[in-house]
Amino acid sequence: MIVFIEVKTRREQQFGHPFESITTRKKQQLIKMAKQYLVEHNLWDKAYVRFDVIGVSWPKDGNPSIEHIVDAFRVGG
Amino acid sequence: MIARVNSSTVVGIEGYIVNVEVDISKGLPSFSTVGLPDSAIKESRNRVEMAIKNSGLDFPIGKITINLAPADIRKEGSAFDLPIALGILKAAGVINANLDEFVVLGELSLDGRVRGVRGVLPVTISAHSKGFDKFIVPRDNANEAAIVKGVTVYPVDSLLEAVSFLNGVLDIQPHSMDIDSIWERARVYDVDFQDVRGQEGAKRALEIAAAGGHNVLMIGPPGAGKTMLAKRLPTILPPLSLEEALETTKVHSVAGLLGREQALVGVRPFRAPHHTISDAGLIGGGHFPTPGEVSLAHNGVLFLDEFPEFNRRVLEALRQPMEDGEVTISRATMRVTFPARFMLVAAMNPCPCGYFGDPRHNCTCTPAAIQRYVSKISGPLLDRIDIHIEVPALTFDELRSKSVGEPSSKIRERVTEARRRQLERYKDVGIYSNAQLSGKLLERYCELDSTAEGLLRTAIEQFGFSARAYTRIIKVARTIADLEGSDRIRPEHVGEAIQYRTLDRKYWIR
Chain A
1 MIVFIEVKTR
11 REQQFGHPFE
21 SITTRKKQQL
31 IKMAKQYLVE
41 HNLWDKAYVR
51 FDVIGVSWPK
61 DGNPSIEHIV
71 DAFRVGG
Chain B
1 MIARVNSSTV
11 VGIEGYIVNV
21 EVDISKGLPS
31 FSTVGLPDSA
41 IKESRNRVEM
51 AIKNSGLDFP
61 IGKITINLAP
71 ADIRKEGSAF
81 DLPIALGILK
91 AAGVINANLD
101 EFVVLGELSL
111 DGRVRGVRGV
121 LPVTISAHSK
131 GFDKFIVPRD
141 NANEAAIVKG
151 VTVYPVDSLL
161 EAVSFLNGVL
171 DIQPHSMDID
181 SIWERARVYD
191 VDFQDVRGQE
201 GAKRALEIAA
211 AGGHNVLMIG
221 PPGAGKTMLA
231 KRLPTILPPL
241 SLEEALETTK
251 VHSVAGLLGR
261 EQALVGVRPF
271 RAPHHTISDA
281 GLIGGGHFPT
291 PGEVSLAHNG
301 VLFLDEFPEF
311 NRRVLEALRQ
321 PMEDGEVTIS
331 RATMRVTFPA
341 RFMLVAAMNP
351 CPCGYFGDPR
361 HNCTCTPAAI
371 QRYVSKISGP
381 LLDRIDIHIE
391 VPALTFDELR
401 SKSVGEPSSK
411 IRERVTEARR
421 RQLERYKDVG
431 IYSNAQLSGK
441 LLERYCELDS
451 TAEGLLRTAI
461 EQFGFSARAY
471 TRIIKVARTI
481 ADLEGSDRIR
491 PEHVGEAIQY
501 RTLDRKYWIR
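Keeping their order, the protein sequence lines are chains A and B.
Mapping of the first sequence onto the working numbering: position 74 corresponds to residue 74, and the numbering continues sequentially without gaps.
Mapping of the second sequence onto the working numbering: position 478 corresponds to residue 478, and the numbering continues sequentially without gaps.
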């Protein structure tokens, strides 16, 4: 299985949670990127594919916390 | 890997087997359905995914394709949730059992519980006739499915329960119903003709109507008891046969009107839609056609109170089902036929204010207003109503009287006997009641002797009856004779039948 993982780090909370940056547009970009990768590596329909998202909140004065969403989104809805 | 699960859908009141095929292959993760599903099935993707996850199971990764075959049947509703979920789990290897011998129905809620669906009875009947005898259904629908003889019904409350059962981890007791005891219990009416005080004339007319299958129009002031009488008409009709009951239950099942506890509609239905009903509501309709009131009244009584207040278009739409005993609804994508064999009982006030002809109130309507009111009912429609009766307001003495009339069971015996005579007489001509007599058959079966003929002639000349009234009188006279067990139509039968043409005489001033 090939897992594409988007890792987003945010240093400041006032712009929201890291996951909030994974918009529909971002998902489309990731899917496009995955398609490109699969075709280039001759893996199209030859491997199970999963999209994960990892969010890192890292306040300037503290330690980072990490959250991981397995199978965060799929193609089409 | 491809997994297959049998399910079923309803078109009209017939069930069709639908094969749910699930394929999970490598590739970009997606979830798509094909096979002409309607929007409810597209929505089911989300329910299925959440139900699987919230049941504590893994939703498999991969390119998931659902096919609902055959593709040319329009599919409706949410009953595919459970088969789709089971198919996915089977394709993912969570379920190892063979699902081929089951037919699966059920809607899923987000937490994995299984909800009831519509149309389980027709689905079970048709699937059983195609050789399926094991059914996994929502617990809410278990009663309905289990009345079909020779099927094993496994009721489930949740997706997890269905999975454990199929994997052999959980034992589910098949749901069984004692059809005979259900049938006995379902056949009891909660009203009786004994409850009605006075109105002997109207009761007699309803008995004749029931005996001959004649449609009835009741005319009377507000509060005279028209609704009460009509409501008791089903109790004097011949008892439903099991086949009739199943057919009526099918319609109610498709309309989603069967309660969880109710397995069978064992009594003749009484439907009384409000006069603001639309034609689609009365006849049936919708994008996916659902049965209307005429079909819900199948084998029973359709009561239209405040008859002239109904939209004219709606009333005219009644004519075709009254004639054919069924309605066909055509849509661009499909045609559907629902049964609609009902007795029509209409009720109206004699005039807009309600008191025309009432000795104790003054009618405030002008003759033109009365004329306008009555003429809202078209001639062709009136043509199909054989009996018109007046239901006068009750006097104080009648209201206070303690005398109880005949119980429904007594009247029903006479009605059933009269119906039996008709079935016997018409067994070779393809009709079953006097109300259906027309043209040639009328001449053949309703010969009048010379005295009766003379009486009818006098009546027609005196009251100015139309040709329409003439055939109605003869038909009703035939029924009255049948009630008496007489093969010949005698003058007194004609005499009584003439009384049931109120509108021609008194109000129908053309």
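It cannot be assumed that every hint is accurate.
Computed footprint of chain B on chain A; a stretch qualifies when at least three of its residues, placed anywhere within it, have a C-beta under 8 Å from a C-beta of chain B [stated by the list, open to error]:
| no. | region |
| --- | --- |
| 1 | 11-18 |
| 2 | 25-32 |
| 3 | 56-69 |
Pair by pair, the computed Cβ-Cβ distance ranges are [what the hints assert, rightly or not]:
| no. | chain 1 | residue 1 | chain 2 | residue 2 | range |
| --- | --- | --- | --- | --- | --- |
| 4 | A | Tyr37 | B | Gly150 | 21 to 29 Å |
| 5 | A | Val70 | B | Ser109 | 41 to 49 Å |
| 6 | B | Gly150 | A | Ile69 | 15 to 23 Å |
| 7 | A | Ile66 | B | Gly56 | 23 to 31 Å |
| 8 | B | Asp133 | A | Lys8 | 21 to 29 Å |
| 9 | B | Ala280 | A | Thr23 | 54 to 62 Å |
| 10 | A | Glu20 | B | Asp133 | 35 to 43 Å |
Distance condition first, Cα-Cα at most 27 Å in a straight line; then the derived DSS-like pairs of lysine-lysine [what the hints assert, rightly or not]:
| no. | chain 1 | residue 1 | chain 2 | residue 2 |
| --- | --- | --- | --- | --- |
| 11 | B | Lys63 | A | Lys46 |
| 12 | A | Lys60 | A | Lys46 |
| 13 | B | Lys376 | A | Lys8 |
No wet-lab data here; the hints were simulated from the structure.
In this text, a Cβ means the ideal position worked out from N, Cα and C, and glycines have one as well.
Going through the hints against the structure:
no. : hint                           : result
1   : 11-18                          : violated (count 0)
2   : 25-32                          : violated (count 1)
3   : 56-69                          : violated (count 0)
4   : A:Tyr37 - B:Gly150: 21 to 29 Å : violated (57 Å)
5   : A:Val70 - B:Ser109: 41 to 49 Å : violated (24 Å)
6   : B:Gly150 - A:Ile69: 15 to 23 Å : violated (50 Å)
7   : A:Ile66 - B:Gly56: 23 to 31 Å  : holds (25 Å)
8   : B:Asp133 - A:Lys8: 21 to 29 Å  : violated (55 Å)
9   : B:Ala280 - A:Thr23: 54 to 62 Å : violated (43 Å)
10  : A:Glu20 - B:Asp133: 35 to 43 Å : violated (54 Å)
11  : B:Lys63 - A:Lys46              : holds (11 Å)
12  : A:Lys60 - A:Lys46              : violated (43 Å)
13  : B:Lys376 - A:Lys8              : violated (73 Å)
The structure is inconsistent with the numbered hints 1, 2, 3, 4, 5, 6, 8, 9, 10, 12 and 13, although it conforms to all the rest.
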